Each structure stands twice: as structure tokens, then as C-alpha cells.
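S.K.: Chain order of the listed sequences is A, B and C. Residue numbers 176 to 508, in my numbering, belong to the letters of the first sequence in order. Residue numbers 12 to 349, in my numbering, belong to the letters of the second sequence in order. Residue numbers -9 to 289, in my numbering, belong to the letters of the third sequence in order.
It is worth saying that the hints were derived from the structure and are not from the lab. Just so we're clear, the structure is a prediction, and the values are computed from it rather than from any experiment. Among the clues, some could well be false.
To be verified - Examples of chain A residues lying across from chain B (beta carbon under 7 Å, computed):
no., residue
1, THR192
2, LEU233
3, THR282
4, TYR327
Unchecked claim - Okay, derived cross-link-like pairs now, SDA-like style, lysine to any residue, Cα gap no bigger than 25 Å in a straight line:
no., chain 1, residue 1, chain 2, residue 2
5, A, LYS300, A, PHE283
6, A, LYS255, B, VAL261
7, A, LYS300, B, GLU258
8, B, LYS264, A, ARG325
9, B, LYS264, A, ARG488
10, B, LYS264, A, GLN306
11, B, LYS264, A, LEU324
12, B, LYS264, A, ARG297
13, A, LYS300, B, ILE248
14, B, LYS264, A, GLN303
15, B, LYS264, B, ARG347
16, B, LYS264, A, ARG232
17, B, LYS264, A, SER326
18, A, LYS255, B, GLU258
19, B, LYS264, A, ALA299
20, B, LYS264, A, ILE234
21, A, LYS300, B, ARG347
22, B, LYS264, A, THR284
23, B, LYS264, A, PRO237
24, A, LYS255, B, ILE179
25, A, LYS377, A, ILE419
26, B, LYS264, A, THR302
27, A, LYS255, B, ALA186
28, B, LYS264, A, VAL309
29, B, LYS264, A, LYS377
30, B, LYS264, A, ASP274
31, B, LYS264, A, GLU322
32, B, LYS264, A, ILE419
33, B, LYS264, A, GLY301
34, B, LYS264, A, SER277
35, B, LYS264, B, ALA340
36, B, LYS264, A, ARG294
37, A, LYS255, A, VAL298
38, B, LYS264, A, ARG235
39, A, LYS300, A, TYR327
40, B, LYS264, A, ALA304
Note that beta-carbon positions come from the ideal geometry of N, C-alpha and C, so glycine has one too.
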Amino acid sequence: MDHPLLDVQDLHTHFSTYRGTLPAVAGVSLSVRPGETLALVGESGCGKSVTALSIMRLIRPPGRIARGRVLFDGDDLLAKPRREMQDIRGGRIAMVFQDPLSTLNPTFTIQNQIAETLRVHRVAKGTQARQRAVELLEAMGIPAPRERLRSYPHELSGGMRQRVMIAIAVSCRPDLLIADEPTTALDVTLQAQIMDLLARIKQERGLAVILITHDLGLVSQFADRAAVMYAGQIVEQAAVSDLIAEPLHPYTQGLLRCVPRLGRPDLPITPIEGSVADLLALPPGCRFAPRCPEVMHRCREAIPPMYETPTGRLVRCHLCDHAPEIASAEKTV
Amino acid sequence: MQGRFVAHRLLQLLPVLIGVSFIVFLTMHLTPGDPIEHMLGQAGRITQQQIDDLRAHYGLDRPFLLQYGLFLRNAAVGDFGSSYSHQGRAVSQIIAERSPATLELTLFAFAIAILFAVPAGVLASLRPQGRLDRSATVAALLGISMPGFWLGIMLMILFGLRLHWLPISGRIDLAVVPQYITGLYTLDSLLTANWPGFWSALRHLLLPALAMAAPMAAMVMRMVRSSMIGVLGQDYIQFARAKGLPEISVVGKHALRNALIPTVNIVALQTGLLLSGNMIIETVFQYPGLGKLAVDAIGAADYPLVQAVVLIYAVSYVLLNLGADLIHAALDPRVRLA
Amino acid sequence: MTRPVTEDDVLTTTAATAPGMARLLLGNRVAVAAGLVVIGFVAVGLLAPALAPHAPNLQHPEAIRQPPFWYSAGSPQHLLGTDSLGRDLLSRMIYGARISLLLGVAVVLITLVVGTALGMAAGYFRGWFDAVMSRLVDTLLAFPFLIFALAIMAATGPNLVALVAALAFKGWVDFYRVARGDVLAAREADYVTAARGLGATTSHILFREIFPNIVPPLIVLATLRMATIIIAEASLSFLGIGVPPSIPAWGTMVADGRADIAGAWWIATFPGLAILLLVLCVNLFGEGLRDVLDPRMRT
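Using the sequences and the hints, build the whole thing.
M.R.: What follows is the structure, encoded as C-alpha cells:
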């Protein structure tokens, strides 16, 4: 396949609020190739979850997708009829959320919730579905799967619940898995286990993954490429190794400086000045300008375009203006 | 575990019953108004001796606590004494005769209320502040703002007297009374293929059931609507959609089940209002059930009958709440551990 | 993920001050309109002697069962017609407002004070008092209020004081539960602990610290309960055991009109409409009040 599995082009998602329109996602373009893992990185409130929900077309009023295209395997998801989209959700693109306790329905058994997905996507039903559920739970490393099926979500531990959610997500063999902060609600040892599980099934099933996280450590371990988001826009996109070795955007640099490094106690941990941009009161120019240590005059005038370096890295910063621009944040394949 | 829970709750019934019966006993005996006089009424010239004899016969000359003690002892074996205002017939028998009528009416009213209110609440919650929601909210407000007796009368006027569609009193056409199996005319008629009987019973039930159902439906609809709105904002609903479930399944299966939980609780709490409403509606429609029986009995100072009816109501209240708890536990696995 | 700013956020920040609350309430046009209607009813009741075209109990033998003025047999003398004794319906309805409002306010005030006091005591001091009250409340709840009211009224006969007692008998339970619940929560709150740490006395804590915080839901409850009480009083009057027959009351009027529903339908209909309108507006206003004072109670 020579086109990307997922190609998001100039996505804009807005929320109508009491105090005005909130541009949660303002011109996001990204792509994922089959089997590739893209990390979507940023602090809370930067729009990464909204981007994921927009891809799945799960945005509901007062939010709406204002502009853009989401090409999945060549088709624009935003133009698809509802029924087809329902088939795609869970069937070809699946999503795993942050808090498995609140994301699993407390009044239904695990079996019910897994079998339901299988049935809706016409993969299996009845006793066959039950059997598949057992196999899935086993594959996720859950002990005593038959007993677990009859349990309710509140009867399981946090780690097991997350495994169940992942099991549901991959049950219908999707091509793309979106994992929205899959380990944030878990403690560290569980985090490692879940990430191992994800790495394993990614390998086994050839899944493409979008990993949404604020944890740069996870990014470096798990992802191939990373896109850094700030205030609804992507500010830098590159292969993970490049990004961490040589961050180009001041925000990325700031993020990396915040992370303590094992074995380097001499490196200072420097927070980023200022506070996260208020999306209802955005500055006219670069959204990071108020906090940027290297801000220039032209940064405040207009939003910088996305520049592309010779190595294929993307940076939305005038510091890299020696590189050619990509026509106003729209990336054409 | 289920059995233990039920038994425990039934046991809690006892102090409530005793408390209720004591309070009613006390009230009836403290209030002026002599049942003996009511009984004798216009019987002509009565000597004081006859009055005293009658009084002794009914044990009304004994000290209060003794009377109460005797009452409890008899009640424990199901003997509620003889009615003063029903020619001395056994109270338990009178109650047994009239209970099915109220049971049938209440079930019918419940069914109407639920069948209407739950879908309305769900649909209203899907588009809050939309047209359906606003009309439903107005209707619900009207439902709880209307006096039940007035609604009954309005229904009588409209459907009974103006349109001549439905009868305005009684339970059934005497000509087509079905054979007694359960005492519920509709059911008995169905079981004996007595179509005219079924039809007649249904027609007589409709207006009083509607009048009873209105405030219930209003309350249920608002509760369903508000819990649905709360539930629809939950994460697991988003996950259900992310799984690719059709919206009907998301709303009807995942959301509704969770939304019914607080609804059931509220309905149980309002049982007292339901029973009051029943008494009023039965009086308005001259419907021969327990409610009308109670109102008449209090008016006649018929102590034994009043005691028994009140106890029935108290038992119904506890049983309904118990039922609600069981339904709650059935819907919500998280409470079953208790 | 960016959480969009919602109305609740704006409400909770603006509604923290009294002028803020007043402004929010006034913004709710429906509630304001309803409130004005209720005030209208109060005005009508207060000005009854001046407003009513006739004396309410005065019988007009020449105009028995006269239909409302829009019928050909009606007349502008009796705008809404007359009842079976020739009494002017409109005048009786105007006077009827008095007793309904009066009883409503009286009963609500009594149940509010009693219920709140008991609830605060039970919630704050717990112990045997709370336990005993729990049993009592459970028992009371098992009654339909009507049974009690019937028993009391059947015994005492038509008597306003007894009526108030009958209506208030069960009503205090709601206030009790809200007050108790809120006090239970409040007593663990930081501001109470702080006050205790500063050496505040129990009565100071109860009245100066906790009480002001539980007032808003109580106000909302009082308004909504008023609606229930008006209907309850009307129901009792309808059954003949409410307001004494010499005082014009809407419930009694509906009962009077019941015998005539085949012909003089207006006698039973209009008083009921008055009840409906007043109660509806009280409810609407109460809901508006609740949205402002206690959004978490919102249904």
C-alpha cells in the first residue's frame, strides 16, 4: 500500500460554548502508515483527545467538525453515511480510553460487553462469541478467563479492566488502534504491563497505533513517530528518535527539559513559563508566543506555517524558516 | 443472599406496622365521634342500656391499651374483627373482597404511566431543550400541578358526558361480570373468554386509571429524562459508540438501564402519594375498591375496618419499596454486595 | 481533552452572590412570569373584598346555575356563572384564593421550621435522637397522608386549626431530611472544623456557619412544597373534610359542582382551573429558583 492508512487533512473541530466558539482543533494534519505507531503528545487541554474523537467521528453537539478530511484507506470518513461509520468504529478503527472503570458499563457483565461487539460486527454470536471472548481474554493475559467473563467491571482490578477494554478493542481485528492515555489511570508497574501487552498485540496483528499521551517516556519506548500538539495545533512532527535527540520547536524543547533523565542528575528540570493557552482568548499570532523563550516579533503577527525540513520533519516555528513552507498547514500527499 | 435480604427487610416491616397501627388506633380513639352512635343512627328510640350493651359487645368500654393489645393479638392471626358499618361482617372478608379492585386499578394505572412516561423521558433526553423536550416538560409540570380529583372530573365530563365514550362510575356492567378466579375482572374475563366482560371492565378502568396515572407519569418522565441526560454524558456511552454500536443500542440498552436505577428509587419513595391518589380517585369515580372503603370507613368511625385498611396500605408501602430495592439490585450489580 | 465551558460553570461562579442570583433568576423569563402570576393571586386574595363583584356566600335565587357570560343565557352580572345555590362563581373563586394561599403559607412555614429544627438536631448531634427520629420518619412515610388527615378531620369536624395540623403532619419530613442530610455533610466540612478549631460554640457553628449554607435548598423545597400543600388542602376540601363550608374554597367548590357536571359543568371546572394555574406557577417559580439556588438538585 503506498498511501497512508490514515490521512488527516487540515482538521478543525469547534465547540460552541456560552462564551463563544472554542477552536479545540485548529488545522491538524497527520498520517499513519499501516503497522506504524504515531504518538500524539501534549499537555492536557491541547486537543489530542478531541483529535482522536474527531477521527472516530464521535464529536457531538455542542462540538462539531468544522472543516477537513479524514481519509481512512483512501475514503473520507467525514463524508461517510452513519451506518458505514458504525461498521468502521470497532471494526476497522478501534479506540481504547483512559479510565476503564468509567468506560465499561457497570451494569453489564464482561461477557456481555465483549460478545456485543462481536455480534454487532458480525464476527460471532451466541456460544461462538463466548468462546472467542474466552480466547481474547486469554490472549490479553487475563487468568481464569471463563470466570472473568461473568464478572462485572467493578469486580476487576484496574489493570484487568484495561486489558478487557483492549480485548474489546481488538476483538474484531481492526487495522488502526487509537489509545487515548491508556495507562494514565494506572500505577507504574501496571503501566509497563499494559504497554508490553500493547506492543505485543501490535506486533502480532500488524496494528497501526495512535498513542495519545503526555508521557514522553512512553513515547520514546513505544512510538515510531510523534506529533507534538499545543493549543489545538501540531507544532512539530518527526520520527521519535529525531525528536528526542534534537527537538526543533521551543515547546518540544521545553517539554523535554521538564522530564527528569535517569542517570543524568546534573540536568536541571526547567518548567515552561506561563500557563496553558486559553482557547477562548487566543493571541493573534503563534499560540505558544506568550510562553516562548525565543519569541520574535513576527511570531506575534500571524500563526507560523508548517515548515518541512529536508529530512521530512515538520515544525511550525519561524526558527526553522530556512526550510520550505508547506502551504498554510495543509499537507498534500 | 437474596433471600436473606428479603427476610431482613420483611422483618423491618414489623416495627413499622406496629407503629402505624398504634398511631391510627390512638387517633381514632382519641377523636370525638362515637362509632356506636354511627351504627345506631336512625334506629329510633334507643335506651341507654342498649347503647351500653352494644358498647360492651364491641369491647369499646375496656381501657385503651387493653383494646390495642387485643387488636394486635387478633391481627397476628388474621382476625381483624367485625365491621361496624357493614352489618358486622368480618373485616378480613370485606377487605379480601375489595382488594382485587384496587389492585387491578393500580396495576392498570402503573402500566399506563410507565408505558407512556419511560419512552417520553428517553426521547426528551435525546434532544434537551428541543421541541419534544419542552412539550414533555410542560406536560409533566401540568401533570403534577393538577389536582387529581379535578382531573378525574374533567375526564368524566369530556369522555363520559360529552363524548359518551366511557362510563363514569363503577367497575363493570353487572350483566357481564366474569367468573371469579383472581378477582381481577380483566384477567378473569380473558381467562374465561368472556369478551363482553373484558371490554366492559376495561372501559370502566380507563378513566380512573388515567386520572391516577397522570401524576405518576409526570414524575417518572422527569426522572427518566434527567437521569438519561446524566447517563448519556458518561464515558461508557462514548465507549459504546466507539465500539460501533448502533445508536438504538447505545440509548436503549446501555443508557436506559443505568437511568432506570434512580427512577425506580424515586417511584418507590412516592408510593404514599400514589396511595392517597388512589383513595381520592376511587371516591370520585365511585370505584368499589379499598380506597373508597377507607374513606367511607373513616367517615363512619368504623375502627376495625380503618385499622385493617391502614395496615394494608402500610404493608403495600413496605412491599413496594422492597420490590423497588430488588429491582434496583437486579439492575445495578454494584449494590448486590451489600 | 479540552472541556468546553458550560452553563453550569457560569452559573456556579455568578450565583455565588445574592445580586448575581437575582439577576440569573430574572433572566429566566418563564420563572419570572410564573412568579408574577403568583403575586397576582396574592394580590387578588388580599384585595378580594374590593375585587369581587358580589359577596361570596350571597345567594341569588333568580340566577341559579347561570352559565358564564359567553353563553346566551349568561350575563355580565355573573361573569363565570353561578352555582346550584345561585352564588357568583367568580366572587367565590376570588375569595377562595385567600384560604388556599393562607393555608399554604401557614403549613409550609410550620413544616419548614419544625422539620429544619429537627433535621439540624438529628444531623448534628446524631446519637439516640437521630435513631429514634429515623424510626419515626420511616413509620410516617408508610402512611398515605390522606388517611391521617381523614382521621383527624373526621373526628374534629370542620376546623381550620385541625386542618393545618392534618396538612402539616407529614409535610415536615421532607424538610427534616434535607436539613439533616446537608448538616451531616456540612459538619465534616473544612469550614466547620476550622470554626471549631477557633473555639466556636456549638450554637454558633449551627446557626452562623452551617445554617446559611443549607438555606438555599430549603427555600427551593419550601416553594415546591407549597404547591403540594395547596393541592392537598383542595383534596381535603373536596372530600368535605377540609375548609369549613362557610369559607369559600376551591376544593369545596369543585365538590359542589360535581352533582351538576352533566349540565352546569362550569361550577366544577373553573375552581379547578384556578388551582391548576396557581400550583403550576408556584411550581414553575420554584423550579426557576432551584436552577439558581441549587443547581445540583436540578431534574
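S.K.: Are there hints from earlier that the structure breaks, and if so, what are their numbers?
M.R.: 1, 9, 21, 24, 27, 29 and 32
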